[in-house]
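Asks: The chain contents come next:
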Amino acid sequence: MERVPVSEGLFELNDAGEGHLIGARCGACGRWHFPASADCPYCAGEQCQARPLSTQGTLCLFTTVTNRPPGYEGEVPFGFGVIELAEGLRVITRLSATDAERLRFGMPMRLEFVRLHVDGDGREVVTYSFAPAEASR
Amino acid sequence: MTVAVEIAGVGLHPFGRFAEKSVTALGVAAVRAALREAGSGPQGFQAAYCGTVYSGVAAGHKVLSALGATGMPIVNVEAGCASGGAALGLGVEAIRSGRCDTVLVFGIEKMPRGIIRSSFFEPWREAAGLAVTPAYFALRAQRLMRDSDVTAEQLAYVSVKNHRNGVHNPYAMFRKEFSLDAVLGSPIVCPPLRLYMLCSPNEGAAAVVLRRVAGERPRRVFVRAAALRSHLPGNVLGEHTPMSGLTDDSMPAPSELAARAAYEEAGVAPEDLDLAEVQDTDSARELLSCEELGLCAKGEAGRMIAERRTDMGGPRPVNPSGGLLSKGEPLGASALGQIVELYWQLRGDAGPRQVPGAKVALGHTVGRGANASVVILSL
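In order, the protein sequences belong to chains A and B.
Start counting the first sequence at 1; every next residue gets the next number (my numbering).
Start counting the second sequence at 1001; every next residue gets the next number (my numbering).
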């Protein structure tokens, strides 16, 4: 089945299912942001360079979405939280683990890509998510 | 010398669900009551500011058109949950500048049901499951539990307390007590938040007539400050619901910025407050608000609630109206609903909800934008 990203420019993903989020680093203040923009959201610098973000991070905060929110066609429940990356960036993300018993503050997490739903053209719509790093290793 | 601004009259349409009434009709009821108390006719003010989020084009104009109260500038103000606070701030400035003697400020709303759908979020963010407002609430709640030693029972107790207060508020949507067990046994929405720990979006209207102080009036209520602030860049759990932010835990939240500005503007310290109406869209939000507003020290919210310091009869009651947990939240009207309640409290007209001897009071709202509003009133 053909796969399409939920939105262009958020991440790069190859046919083997490996990929990374695309952040950007400001040439003026040196700080990172996500999703990537040419304009720096911290200092209004105009020379932000899009770069791959770390695919590993640590878990800051986490919860579970139990009811289907408006505009969402995927499955519930799903995890939701904040991941801290080495770039000094915290990313709001889905979490692949919904069982809070498995999650703890500061645990290592790794990026993965998950299917949201199948669109009207029969394509699999995918997005980014983070899962406990040890789970599939 | 600074021009002193007083509240000359207030009006409140109950918060709830009113399928048979238009948002315009809700506004007309509140505005009519406020103008009546102020002794003001439909041409008795020189500017009007209407807070609303979901009411569409020229919503404030429609309310005032129904009353023949047009001709003056009418400005519709959208600042999320703080829309009414933003409108109030503009009204205060219009009087302080000397441009107006009397200003009408009102807020109106008819909210859609369920999880609030917001045009703030791009469609793909909804599709990806990243546009879930209560999930953001839950992350802030989890952080508060971790950093301030707040237990699930204490979160639930905030809801118990506010519902107990709300029983006495004829303008509230829910006028029923809930036991701790009932709150802790209600369905999980996003852990640690359960259904009875979350407020319900609804409908309502509130209006306030502001006037430059002149002559004598008993129990006069002054607007001492009306501050509005937004988020600082990079604040990942700020109410602007970003997709990322910086690793920086020292960054002040929008409510802290607004509180600092308001205390300075009013020349008032948190210790001077007799009561407060604060944002309690969820029960953790009330505790976080208390920390951000300096009603307790950072990290002390758990102890504050354990010692029942914010109960009616405690040293400084919080949300004697029952809060948004009891009243529900009509975005554009909620901040001014607090102001109406605080006006009644300061004038000794709050009936069974009265905080005895209240002289200085604070109203606080925060939400999408981010927008945070802090208003300080005093006798």
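Just so you know, these hints were derived from the structure itself, not from any lab.
Glycine included, each C-beta is placed from N, C-alpha and C at the ideal position.
A portion of the hints provided could be inaccurate.
[Stated by the list, open to error] Derived Cβ-Cβ restraints for the label pairs, each shown as a range:
| hint | chain 1 | residue 1 | chain 2 | residue 2 | range |
| --- | --- | --- | --- | --- | --- |
| 1 | B | 1379 | A | 86 | 51 to 59 angstroms |
| 2 | B | 1270 | A | 43 | 29 to 37 angstroms |
| 3 | A | 71 | B | 1152 | 24 to 32 angstroms |
| 4 | B | 1043 | A | 30 | 36 to 44 angstroms |
| 5 | A | 120 | B | 1098 | 53 to 61 angstroms |
| 6 | B | 1187 | A | 75 | 29 to 37 angstroms |
| 7 | B | 1270 | A | 37 | 36 to 44 angstroms |
| 8 | B | 1303 | A | 1 | 52 to 60 angstroms |
| 9 | A | 76 | B | 1248 | 28 to 36 angstroms |
| 10 | A | 86 | B | 1075 | 40 to 48 angstroms |
| 11 | A | 120 | B | 1187 | 27 to 35 angstroms |
| 12 | B | 1167 | A | 17 | 49 to 57 angstroms |
| 13 | A | 71 | B | 1075 | 29 to 37 angstroms |
Asks: Now tell me if each hint is right for this structure.
Replies: Tested hints:
1. A C-beta distance of roughly 55 angstroms is found between residue 1379/B and residue 86/A, which places it inside the suggested range of 51 to 59 angstroms.
2. Hint check: residue 1270/B to residue 43/A, Cβ distance near 33 angstroms, so the stated range 29 to 37 angstroms holds.
3. Range check, residue 71/A to residue 1152/B: about 30 angstroms between beta-carbon atoms, so the 24 to 32 angstroms window is met.
4. Take residue 1043/B and residue 30/A: their Cβ atoms lie about 58 angstroms apart, and the range 36 to 44 angstroms is violated.
5. The beta-carbon spacing between residue 120/A and residue 1098/B, approximately 60 angstroms, falls within the hinted interval of 53 to 61 angstroms.
6. A hinted range of 29 to 37 angstroms for the beta carbons of residue 1187/B and residue 75/A is inconsistent with their spacing of about 18 angstroms.
7. Under the hint 36 to 44 angstroms, the C-beta atoms of residue 1270/B and residue 37/A, about 39 angstroms apart, fit the expected range.
8. The hinted range of 52 to 60 angstroms is satisfied by residue 1303/B and residue 1/A, whose Cβ atoms lie roughly 55 angstroms apart.
9. Between residue 76/A and residue 1248/B the beta carbons are some 32 angstroms apart, a value that agrees with the proposed interval 28 to 36 angstroms.
10. Here the CB-CB span from residue 86/A to residue 1075/B is close to 47 angstroms, well matched to the stated 40 to 48 angstroms.
11. Checking the proposed 27 to 35 angstroms range against residue 120/A and residue 1187/B shows it holds: the Cβ atoms sit about 33 angstroms from each other.
12. Our hint of 49 to 57 angstroms for residue 1167/B and residue 17/A holds, since their Cβ atoms are close to 56 angstroms apart.
13. Here the CB-CB span from residue 71/A to residue 1075/B is close to 31 angstroms, well matched to the stated 29 to 37 angstroms.
The structure shown violates the earlier hints numbered 4 and 6.
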